[in-house]
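S.K.: Please construct the entire structure, taking both the sequences and the accompanying hints into account.
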Amino acid sequence: MAISIGIARKDREAVAKHLSKLLADTYSLYLKTHSFHWNVTGPQFNSLHLMFETQYNELWLAADQVAERIRTLDVFAPGSYSQFGKLTSIKEEAGVPEWKEMVGQLVEGHEVAAATARATIKAADAAGDQGTADLATGRLMEHEKTAWMLRSLLK
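When we follow the UniProt record's numbering, the leftmost residue of the sequence shown carries the number 1, and every step to the right adds one.
Careful, some of the hints might be misleading.
Said to hold, decoys possible - Here are the simulated BS3-like pairs of lysine-lysine, each with C-alpha atoms no more than 27 Å apart in a straight line:
1) K86 - K10
2) K122 - K17
3) K86 - K155
4) K91 - K10
5) K91 - K122
6) K155 - K122
7) K17 - K91
8) K155 - K145
9) K122 - K100
10) K91 - K145
11) K17 - K145
What the hints contain is simulated information worked out from the structure, not anything from laboratory work.
M.R.: See the structure below:
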């Protein structure tokens, strides 16, 4: 059955490419945040452990929303580590840095994801896709807020 939501196939595919990058950034940031939750040490342990848990839970739910939006546009969502690795702009951390470095990396990751969300909004606007623009705007605001909160720990 043909999809008829008022957005041409080529426009849905173009928007889905941006959403796929946002999904990859979200999932990569989820993995990094979860790893840091498990491995954080130092005098800030309890507060960071709990903060990271709140953040990775939010990212997990967001990944599902982004993937489901891709599917709403009738495009298959990426779902493997290799696909995410090719699409993400989040730098992977193979080691276990000190807590301040963890926080700094998460600030950077949320800023990268915010930029990806902003590009997604532009693509959605160009396609007349208000649903995706709304979703990406929510993600943009969440990433900017989280970056601010994390950045505040480093002052």
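S.K.: Of all the hints given earlier, name the ones this structure violates by number, lowest first.
M.R.: Per hint list: 3, 4, 6 and 9 violated.
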